[in-house]
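*Asks:* Here the first sequence is numbered in my numbering, starting from 202 and rising by one per residue.
Hints listed in this document are in silico derivations from the structure and should not be mistaken for laboratory results.
Treat the hints with caution; some may be incorrect.
DSS-like, lysine-lysine: derived pairs with alpha carbons at most 30 Å apart [unchecked claim]:
#, residue 1, residue 2
1, 605, 626
2, 633, 605
3, 605, 253
4, 487, 507
5, 507, 213
6, 289, 486
7, 253, 213
8, 504, 605
9, 213, 683
10, 507, 289
11, 683, 289
12, 487, 504
13, 289, 504
14, 605, 507
None of these values were measured; they are calculated from a predicted model.
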Amino acid sequence: MRQSQLLIPTIKEVPADADIVSHRLMLRAGLIRQVASGLYTWLPLGLRVVRKIEAIIREEMDRSGAQELSMPVVQPAELWRETGRWEKMGPELARFQDRHERDFCLGPTHEEIITDLFRREVHSYRQLPCNFYQIQTKFRDEVRPRFGVMRAREFVMKDAYSFAADQASFDATYREMHRCYSRILMRMQLDFRAVEADTGNIGGANSHEFHVLADSGEDTIVHATEGDYAANLERAVSAPPPPCGAATETMREVATPGVTTIAQVAALLDAPVTQCLKALVIRGKKGPIVIMLRGDHELNLIKAQKIPGAQQPLEFADAAEILAATGANPGSIGPVGLQAPLIVDPQAAATADFICGANRDGHHYRGVNWGRDLPLADSQVLDVRNVAPGDPAPGGQGELRFLKGIEAGHIFQLGRTYSEAMQAKVLDRDGKPVTPIMGCYGMGVTRLVAAVIEQHHNAGGILWPDPLAPFDIHILALNYGKSSIVREAADNLAAQLEAGGLATLLDDRAERPGVKFADADLIGLPRRIVIGDRGLREGRVECRIGHGAEMEALAPNEAAARLTDLQR
RNA sequence: CGGGGCGUAGCGCAGUCUGGUAGCGCACUUGACUGGGGGUCAAGUGGUCGCAGGUUCAAAUCCUGCCGUCCCGACCA
202 MRQSQLLIPT IKEVPADADI VSHRLMLRAG LIRQVASGLY TWLPLGLRVV RKIEAIIREE
262 MDRSGAQELS MPVVQPAELW RETGRWEKMG PELARFQDRH ERDFCLGPTH EEIITDLFRR
322 EVHSYRQLPC NFYQIQTKFR DEVRPRFGVM RAREFVMKDA YSFAADQASF DATYREMHRC
382 YSRILMRMQL DFRAVEADTG NIGGANSHEF HVLADSGEDT IVHATEGDYA ANLERAVSAP
442 PPPCGAATET MREVATPGVT TIAQVAALLD APVTQCLKAL VIRGKKGPIV IMLRGDHELN
502 LIKAQKIPGA QQPLEFADAA EILAATGANP GSIGPVGLQA PLIVDPQAAA TADFICGANR
562 DGHHYRGVNW GRDLPLADSQ VLDVRNVAPG DPAPGGQGEL RFLKGIEAGH IFQLGRTYSE
622 AMQAKVLDRD GKPVTPIMGC YGMGVTRLVA AVIEQHHNAG GILWPDPLAP FDIHILALNY
682 GKSSIVREAA DNLAAQLEAG GLATLLDDRA ERPGVKFADA DLIGLPRRIV IGDRGLREGR
742 VECRIGHGAE MEALAPNEAA ARLTDLQR
């Protein structure tokens, strides 16, 4: 393809709005243009990459036995009302009415549609297990679109939905999808981790996220230095703490005027932060709930949300509520003599001789011990904190480390949530109706384009991995417009390569060499041939195969042969 | 939704504080030179200064409201 005929609007100056490297490079290399917040046009070059990724996903999904179909973007409200999600979803679900004033939404996901199809068309256990997928545009009116196509409102997703008659059969499909996702990301040459995750809005029991590692990632993932434990920070746990040490101090109240933060308390009393416990107060359905954490730890909002009796969604109590419930202002709250319900993180429960607020402004207790100075029931001890780097890993092997990741895929064990709500049933061997167990499997196609660039770039531009490059070869024809020998050699070579099945981008523009080189670096095709008068006088073109490779001088036919051979 | 920033030519920005002829770089057009890493010179094209009100003899500039967009926090592929 001739570059002069393709819209590849590369730009030198970085748009000020773009913050992360993939977003900048996608704009600079002419892959995308923004239309509105979270909405993008895919230009020819960008779209070719999307198609490459789709092709890999399609191949691997097909290999795993899934069948492709395509569901509508526009979905009727009735189906969403059946599962209760029409009410539950909130403003992220884009709703509208048709001319007959019937309610519709733009599909953010397709559990309702596929389950509706399933209940109409599948009636026998003999047809199970089955797994349907589509690659399609989704719309989610995100609270905050950001980082270009990384978090867009309209995006392309591969979504799959499986149905199984029994748990063992479901598990086999789930494991196969886990492997399938790994294969896809490996083929894309991505450094990734599969981690245990929280299921969020979709619901269900277990899930795994597939994270592409990148410092710009929005998620924190936790992994063990030994063994294969890995989880999203929202869900990660550490090994249980050693049993609480014996009390060595007596409990006493100390004056701490004006001291309200853990750092101040620790400094004033000359004690390690780990010896101090901090209190957080959330709203419960029947009044405030006090949570005790070790001073150096932080609350995990997802875990805290699951505290029995906690308000949904999680909210913190304000100063007035705290004062009413404890008799003190924030900064002086503690568990001793507390009337409000109390939840204690295991690490806090395993701290002896601790320091805490005295529920009296300007006062703390030190030398406090659970059991001796205040009661603590097992039911009150609940893991509600974020693990920290260096914590012992669960299972006792190694310690926990943190990484930043981009969530590229998420697979869910849905159980019977949707099949039950929508009355999907098949008859089993004995002729009895059974409700199938479902799974769903998402992968962000357009997000993956950005994720790949995050991992594959240098100062000059993108470095596409071979399987994803928008073209196989970039031919830079220097002085194409004026030199007939360059033109002839370039045209011949391009035709030869195309005939050999290689997608070729021929830079035939009337640009100076420097511009062509700079643009080629930006666009980042892995194979490059430079054709100029200088080389042609010796009967040579220059050929670079692979991003790091050296330029080699070869005869045009030789270069063509080499490249077409590689293709086989 | 809460907090902050920004809206001036296609892009990147200056001008706004202190009101008085709308500017610079890149890009684009034409010509000449140049021709292996974003080249040089010359001549051009292009702007209701986000929108609506207000203050003023006079508003890009001051005031009010709205809209858009980006960044930071709770959600997600």
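*Asks:* Does each hint fit the structure? Answer for all of them.
*Replies:* Okay, the hints, checked on the actual structure:
1. For the hint pairing residue 605 with residue 626, the CA-to-CA distance comes to about 41 Å; that exceeds 30 Å, so the pair is violated.
2. With a CA separation close to 48 Å, the supplied pair residue 633 and residue 605 exceeds the 30 Å bound.
3. Distance hint between residue 605 and residue 253 is fulfilled; the C-alpha atoms sit about 26 Å from each other, no more than 30 Å.
4. At roughly 15 Å between alpha-carbon atoms, residue 487 and residue 507 fall within 30 Å of each other, so this suggested pair holds.
5. This hinted pair does not check out: residue 507 and residue 213 have alpha carbons roughly 50 Å apart, beyond 30 Å.
6. As the CA atoms of residue 289 and residue 486 are separated by approximately 19 Å, the hinted pair is consistent with the 30 Å bound.
7. Our distance criterion of 30 Å between C-alpha atoms is met by residue 253 and residue 213, whose separation comes to about 26 Å.
8. Taken as a hint, the residue 504 and residue 605 pair is honoured in the structure, with Cα atoms around 20 Å apart against an allowance of 30 Å.
9. As the CA atoms of residue 213 and residue 683 are separated by approximately 26 Å, the hinted pair is consistent with the 30 Å bound.
10. Note on residue 507 and residue 289: the hinted pairing holds, with a Cα-Cα distance of about 18 Å set against a maximum of 30 Å.
11. Straight-line distance between C-alpha atoms of residue 683 and residue 289 comes to about 65 Å, which puts the hinted pair past the 30 Å bound.
12. Of the supplied pair hints, the one linking residue 487 and residue 504 holds, its CA atoms being roughly 19 Å apart against a limit of 30 Å.
13. Of the pairs offered as hints, the one joining residue 289 and residue 504 holds, with about 21 Å between alpha carbons and a cut-off of 30 Å not exceeded.
14. The straight-line distance between the Cα atoms of residue 605 and residue 507 is roughly 25 Å, inside the 30 Å bound, and the hint therefore holds.
Violation of the numbered hints given earlier is confined to hints 1, 2, 5, 11; the remaining hints are satisfied by the structure.
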